[in-house]
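Chains as they are written, first to last, in the working numbering: chain A, 1 to 398; chain B, 399 to 801.
Think of the hints as simulated: they come from the structure by calculation, not from any bench.
Take these hints with a grain of salt, some might be off.
With a straight-line cut-off of 25 Å between C-alpha atoms, the simulated SDA-like cross-links for lysine to any residue are [stated by the list, open to error]:
#	chain 1	residue 1	chain 2	residue 2
1	A	Lys329	B	Lys767
2	A	Lys329	B	Arg418
3	B	Lys416	A	Pro200
4	B	Lys416	A	Asp338
5	A	Lys329	B	Leu662
6	B	Lys758	A	Pro200
7	B	Lys758	B	Arg609
8	A	Lys362	B	Asp715
9	B	Lys456	B	Lys758
10	B	Lys758	A	Gln366
11	B	Lys767	A	His370
12	A	Lys329	B	Ser774
13	A	Lys253	B	Ser433
14	B	Lys416	A	Gln360
Derived, one-sided and incomplete: chain A residues facing chain B with beta-carbon distance under 7 Å [said to hold, decoys possible]:
#	residue
15	Val107
16	Val194
17	Tyr250
18	Leu341
19	Lys342
20	Asp353
21	Leu356
22	Ala357
23	Asn363
24	Gln366
25	Glu371
None of the values given here were measured: they were computed from a predicted structure.
By construction, the Cβ of each residue, glycine as well, lies at the ideal position given by its N, Cα and C atoms.
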Amino acid sequence: MFGWEFPPYNSGGLGVACMGLTQALSSKGIDITFVLPKRFDVNVNYMKFRFADSSLKCIGVNSLLSAYVTSESYGLKALRARSIYGNNLLAEVARYAKLASEIASEVDHDIIHAHDWLSFLAGEAAQETSGAPLVTHVHATEFDRTGGTGVNQQVYEIEKEGCSRATDVIAVSNLTKNILTSNYGIDSSKVHVVHNGINPDSFDVPNRADISGIVKLKEMGYSIVSFVGRITLQKGPDYFLQVAKKVLEYNKKVLFVIAGSGDMQNQIIMEAARMGISNRVLFAGFLRGEELSNLYKLSDVFVMPSVSEPFGLTALESLAYGTPILISKQSGVSEVVDASLKSDFWDVMDMADKILALTQYKNLRQVLSHEGHDQAMKCTWDKAADKTIDIYNHLLKT
Amino acid sequence: MASVCFYFQVHQPRRIKKYRIYDIGKNSSYFDDKSESNLNNRKIIKKVSEKCYLPTNKLILKLLKKYPKFCVSYSLSGVFLEQLEEYSKPTLKSFQKLVDTGRVELLSETYYHSLSFLYSRSEFVSQIELHKKKIKELFGVTPTVFRNTELIYNDDLGRFIEKIGYKGIITEGADHVLDWRSPNFVYKAAGSKDLKVLLKNYKLSDDIAFRFSSRSWSEWPLTSEKFAQWVSSINGNGQVVNLFMDYETFGEHQWEDTGIFKFLENLPSEILKHPDNDFVTPTDAIKRYKPIGDLSCPNFISWADVERDLSAWMSNDIQKDALRRVYELEKKVFLTNNAKLIEDWRRLTTSDHFYYMCTKWFNDGDVHKYFNPYDSPYDAFIYFMRVLTDLETRIERKLQIYA
Chain A
1 MFGWEFPPYN SGGLGVACMG LTQALSSKGI DITFVLPKRF DVNVNYMKFR FADSSLKCIG
61 VNSLLSAYVT SESYGLKALR ARSIYGNNLL AEVARYAKLA SEIASEVDHD IIHAHDWLSF
121 LAGEAAQETS GAPLVTHVHA TEFDRTGGTG VNQQVYEIEK EGCSRATDVI AVSNLTKNIL
181 TSNYGIDSSK VHVVHNGINP DSFDVPNRAD ISGIVKLKEM GYSIVSFVGR ITLQKGPDYF
241 LQVAKKVLEY NKKVLFVIAG SGDMQNQIIM EAARMGISNR VLFAGFLRGE ELSNLYKLSD
301 VFVMPSVSEP FGLTALESLA YGTPILISKQ SGVSEVVDAS LKSDFWDVMD MADKILALTQ
361 YKNLRQVLSH EGHDQAMKCT WDKAADKTID IYNHLLKT
Chain B
399 MASVCFYFQV HQPRRIKKYR IYDIGKNSSY FDDKSESNLN NRKIIKKVSE KCYLPTNKLI
459 LKLLKKYPKF CVSYSLSGVF LEQLEEYSKP TLKSFQKLVD TGRVELLSET YYHSLSFLYS
519 RSEFVSQIEL HKKKIKELFG VTPTVFRNTE LIYNDDLGRF IEKIGYKGII TEGADHVLDW
579 RSPNFVYKAA GSKDLKVLLK NYKLSDDIAF RFSSRSWSEW PLTSEKFAQW VSSINGNGQV
639 VNLFMDYETF GEHQWEDTGI FKFLENLPSE ILKHPDNDFV TPTDAIKRYK PIGDLSCPNF
699 ISWADVERDL SAWMSNDIQK DALRRVYELE KKVFLTNNAK LIEDWRRLTT SDHFYYMCTK
759 WFNDGDVHKY FNPYDSPYDA FIYFMRVLTD LETRIERKLQ IYA
């Protein structure tokens, strides 16, 4: 299996999804070797890891790659760091592919499974070497990342080629499947929808620990509305601000927390100040572990205003902690959770209206919390693994 | 003898528009959605008139003329009738023509199709009176058999209804009430002096209302000949077959291309082929057949969902909250003595508002989802509560003026 990031060295949902899926697959007896482009100290004992830079003896060197860099920002970073790596992202992707074919000849395998475009070339190279069937797994497309404008042609080609050459394609939602069939011309009969999930056991943390005074603010009667995600166009942080402004016109006792980092962070901070709401918008930075779970737990509403969200794992995580969600209709998670409020990402009035309703009506919050929690707990990696294994079995039979 | 008793429920609520927080205090038109969505009440009345009411009424009139033994009954809610007056006069006229034949019985109910019996006896009586007045005004008749909202019923309700002058009531033939007994007889309500109860034969009714076009049903396609055989087979162990359903079954739930109109058109002749069969209205049935025994029903039943209880309207916390709050306003709204405020409040008592908030079957995506014009039950709650807040501020302002 070819991936690109893995917790704790992840910048977003791709790493979390790879971990959730591989854990569930190996518990069902699938023997996985997980290949990453560079060496990490990964503390996982249920599967083997291979690192595509081991032959370069770069163990422990921080790579410049993260799953969500754009071609442009990678060029800048590489220049500053004077890395031994190629100074553009596409060269890096090609380098990964070259090393992938070496690994494919060394590791015994029946199926090659590649996650997202950054590892598609590696997957294809491995397939050429071993002849095993290739499954490409699409967690996001270039159309999601760019909001549909300024699609990078080379990235698009890699995505298209990877999905065309794959024997089977896994899409994380019907939304993504539709993009693959309509924008990439992929034959819909080979695209299987496997929704992401959560691991229900990892959410029984009952106590609401104190973080950064948020508890006190709640005691003072503030409602907490949170945004968890990269601060980038795809996630709609600018809409979140507009919604915050509208909500504050009607209810001053609401605090908006943005957890995450990203290319639009400075712009968003400036924008909040310009709008005169920076005293009600808190930037928490990139949170993980207990800090993140505390934020989920303390929030009264979780908002995901994504312009285009192939799945949206954070929404499930929020529900797992019992916090009701307001999500964009343009999201994969809205296909699996009914107990939620949904809006179009551009409909600022509607989102503000719904947040105000949630802060106002306790019973509504409770019903959405209980029912949402129950529904989220049913979206498990276990189910995703079962579907994936069905796809594997079918491949091995034919 | 097997007498077929047709009863059709005809009701359309005034659906609440997407009433935003920004509207509170500024905009007091709650029911005038003008979008293309299913919240646009005018659009729905027009659409359902085209697809169902007009063609079905035309067909029923034809059947009444052709078969002197044929008869049917309706309950037309007050909110439905006033919307016809506003949006579709021809439809109203077609119902009037049916009643004019003298073989169409109209039943009594609460004007606003409400759950008022559960919350306020005085409001319950007022809404029944309002409905009676409307029926008299539009059709020149006075109903004598009662049908509570969505066939909601229990012993208390039966006794109450008898006290205010009704001879009979219709309700669901729920398994857990009937047990081994058959719905195909007239019963006497337990604890009443002589209130007759007619029970819906839900198997045969739902064969038409729900299963008619279902290709996965082993009896599909359902012909009128086959259906008439099922009806005839109760001869000897039953007297009256109560076929109770939404009128929208014809042309709206079951589209014309499923053959539902052909089915209905051929049904009277098929039923009447058997010499012991005929048709009755609820009043005919309770006059002709003696009760076979007492029917005791201490707990509330209804015709909704597999549970056949009140859970479609009051099972989760948002439904209970919304219901409690609307009836909490009752005293205050009457203190204002303002007809417009009272009317708006009453329109909010319509049971459909609470039905839309039901999350019980949400995951199964079945009938609740089909009937829900909102994105979700939570949206239904939000808009309802917003309207209630606005209404409350209007009431407060009126009362302040008096004080």
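Evaluated hints:
1. A:Lys329 to B:Lys767: holds (17 Å)
2. A:Lys329 to B:Arg418: holds (19 Å)
3. B:Lys416 to A:Pro200: Judged against 25 Å, a Cα distance of about 36 Å means the pair is violated.
4. B:Lys416 to A:Asp338: Between Lys416 of chain B and Asp338 of chain A the Cα gap is close to 19 Å, so the pair holds against 25 Å.
5. A:Lys329 to B:Leu662: violated (42 Å)
6. B:Lys758 to A:Pro200: Answer holds: Lys758 of chain B to Pro200 of chain A is near 23 Å, not above 25 Å.
7. B:Lys758 to B:Arg609: The given pair, whose Cα atoms are some 22 Å apart, holds under the 25 Å limit.
8. A:Lys362 to B:Asp715: Given pair Lys362 of chain A, Asp715 of chain B holds - Cα atoms ~10 Å apart, limit 25 Å.
9. B:Lys456 to B:Lys758: Violated, because 38 Å separates the two Cα atoms, which is more than 25 Å.
10. B:Lys758 to A:Gln366: Cα-Cα ~15 Å, so holds.
11. B:Lys767 to A:His370: holds (20 Å)
12. A:Lys329 to B:Ser774: holds (12 Å)
13. A:Lys253 to B:Ser433: violated (33 Å)
14. B:Lys416 to A:Gln360: Answer holds: Lys416 of chain B to Gln360 of chain A is near 17 Å, not above 25 Å.
15. Val107: violated (42 Å)
16. Val194: violated (20 Å)
17. Tyr250: This hint holds: Tyr250 of chain A lies near chain B, its Cβ roughly 6 Å from the closest one there, short of 7 Å.
18. Leu341: With Cβ-Cβ at 6 Å, under 7 Å, it holds.
19. Lys342: holds (6 Å)
20. Asp353: Because about 5 Å separates Asp353 of chain A from the closest Cβ in chain B, which is inside the 7 Å limit, the hint holds.
21. Leu356: For Leu356 of chain A, the interface hint holds, since the closest Cβ of chain B sits about 5 Å away, which is under 7 Å.
22. Ala357: With Cβ-Cβ at 4 Å, under 7 Å, it holds.
23. Asn363: holds (4 Å)
24. Gln366: holds (6 Å)
25. Glu371: holds (6 Å)
Checked against the numbered hints above, the structure violates hints 3, 5, 9, 13, 15 and 16; every other hint is satisfied.
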